[in-house]
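Engineer: In case you want the letters, here they are:
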Amino acid sequence: MRWQLVSPAETAGLRFDDEALVFNPSSWETHFLNESAALVLDALVAGPRSVDEIVAEVADEVEIPEGFAGQVAALLGQLESLGLVAARA
Amino acid sequence: MRVADLGAAGIRERLAGPGLALDFGFLRARVRSDVPGLDEAIGRVYAEFAVEEADGFFDATAGVIRARGLRRFVRPQIDFFVDGELPFEPFPADTHLPLLEWGLNWCIAQRSNTHLLLHAGVVEKHGLAVVLPALPGSGKSTLVAALCSRGYRLLSDEFGVVRLDDAMLLPLLKPVALKEASIDVIRKFAPESALGPVFPKTRKGDVAHFAPPAAATARRREPAAPALVLFPQFGMGEALDLEPMPKSRAFAKVSANSFNYGLLGRRAFDALGRIVAACDVYRLTYGDLGEAIGAIDELVGARARHRDSVQPHL
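Protein sequence lines, in the order shown, are assigned to chains E and R. Going by the numbering used here, the first sequence opens with residue 340, and the numbers climb by one from there. Going by the numbering used here, the second sequence opens with residue 140, and the numbers climb by one from there.
There are no misleading hints in this set.
Taking lysine to aspartate or glutamate pairs in the EDC-like style, the calculated list, with each CA pair at most 20 Å apart, reads:
1) R/K392 <-> R/D419
2) R/K340 <-> R/D218
3) R/K340 <-> R/E228
4) R/K340 <-> R/D233
5) R/K392 <-> E/D356
6) R/K318 <-> R/D233
7) R/K392 <-> E/E358
8) R/K327 <-> R/E430
9) R/K340 <-> R/D323
10) R/K392 <-> E/E368
11) R/K392 <-> E/D357
12) R/K318 <-> R/E331
Per the computed footprint, the stretches of chain E lying under chain R, defined by three or more beta-carbons under 8 Å from a beta-carbon of chain R, are:
13) 342-353
14) 356-367
I should point out that these hints are in silico values taken from the structure, not numbers from a laboratory. Since the structure is predicted, the reported quantities are computational estimates derived from the model, not experimental observations. Glycine residues also receive a C-beta, built at the ideal position from the N, C-alpha and C atoms.
Isolated chain R (complex conformation) (with noise of 0.2 Å):
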């Protein structure tokens, strides 16, 4: 049974009782609210998620509730809370979503420190995982969304998830945050995905969010071996450019924007080094997205034909 199936009563039902269990794949939440509007939300971005009983162990429990107070008269507000902690100011009621899955990222970034956290998106295809880096105002969240509707596997887009016993990449499938033109986009680009709700003029504009397919959820305890770093700068009017990039340079880019790479020590200079050596490297500038991918596409054919020759399937 999917979280679709279960209705915006039944999300309701459970959003306000024992709570519902959300799977990412890497860590398991617990979510609770009775803020109005947020069920239908998280009916249609988190729809492929299976429906799981809300006991046993879970990552965290949070959710957003309404705040109390005059201003729930005037101009009604919304506070995160976590375990029992409000940790963020209130927030506009009519921001429910992108609230909670704010709050959710910040949850994974504070508290999930025996991975390695890369600031970056990841995606895979024929066993190969992509990693896209994300540098403020590269496109990657769009580059994802639209990689994702044209057969690649969404692992992450926030964060990329390394094991460091293996460096191996695990899926943490959330929504896909769209800001702005974006939306529109990957309305164009891809008119059968499935978006959610548009959240006009929040703290980082008009955002929407991108739901996880369904081939991704079915896969959220497979891991992805690192094939190709890849940093995409989009530019209206960009010609398409693959620049390889020394893996120095990955290296320091990569470990500069990670969450916790400055916590793990050793253990995160080994697993970021196994990653980057591991990967070709390269700077992708793009325009158009269909471009883009054809050019991804070219690029991890060819790995998984150089893995087959070497390695071939029995």
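So here's chain E without its partners, still in its complex pose (with noise of 0.2 Å):
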């Protein structure tokens, strides 16, 4: 399974410091993110990635903890409820 950005064109980001704001399209609503939260979702911006895709990436800029794909399973979860992302087969 492979995870992607709602509406890539219309999600918007800004980082400050260890922040991110994230625009979302869906909602209109802006939302806070923490460091791993905005690398998962800087890995979407480039396309579709599955979870090991977006771990490799964010190990890349990152030192990532024991059991991280899971974190970043249950944050793709968060992501979709929030109309930011959405999974296809």
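Need the complex rebuilt from these two chains, each delivered in its own frame; the hints are there to steer you.
Structural biologist: Okay, structure coming up:
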């Protein structure tokens, strides 16, 4: 299964220090993301990714903890419930 | 010619006839009224506004009028109207100017969705705008009035008007409403300031208005670039403290307090993002106006020197 942004062209992000903000075009809400969530979303900006691909890309940027793939999967579920990302087979 | 030059009789004649044109910079309103005493109050708080003809396009035609009904003999009341509608319940007749101001602010908040409206005061010096987001009890209006008595140009007190295309801040010049103890604070701090009459025991307590100075009204079409966001917090006896604030937190606070951030979608996100990215952000705690202004002077001066060092004036 791969994950992708629902509306890549309309999703906008900002980074300030170690926090990020993302504009959600589905709800017009602004969400505040921690560093890990921002890196996951960054990975999806380039196109659809599997969890393993996301983990590999994040690992290139920061040191990841053990079990990070599970955290990414849970995070993607949260982002999906916000309407920011969607899964495709 | 200035509004003050019309005198109370000239203002009364316009209010009762074609209307008194008020150019706030970002918006223009045509004000009409038959309420005694409003002419004199307008002459004081809009003294430095240019006299303009009342024909042509206006964003609103609004004013206060005497309410009908038996109560006009017992305890006279007045209505705020805008473009033929009476949106509020009547108010006591002796609160004419506060009602006019609140009503106009309500119109601005309802109708100005071509721009992002922050709930913030904005002043400018050296071409750099200082944004002072309002939190209840923060002393924002007092600080805005005090800054304007010490060389800062008033852009707005209640509404920080952000142009969506380039995130520049636009003037929206209205009298600064001072409440309760703030009235005497400004009288003592800046005795040369022009204040309107005191309206006792309004719904917001005693209210008086600081009149926009001539230096501000003359530059009512001139925007300013955002440079500082300061969250002021007055506390009696508090020592001066200037604490940097994370920009993401500033974004959250400013967007939550905006009048229309949620209505403007991506364009508001982008514009506010540009402002926060461009600005240094601090929480300013103070107990002494002079100290607070000294600290703001240092911040603005440093920004201006930095700008001039990388972009020298030709």
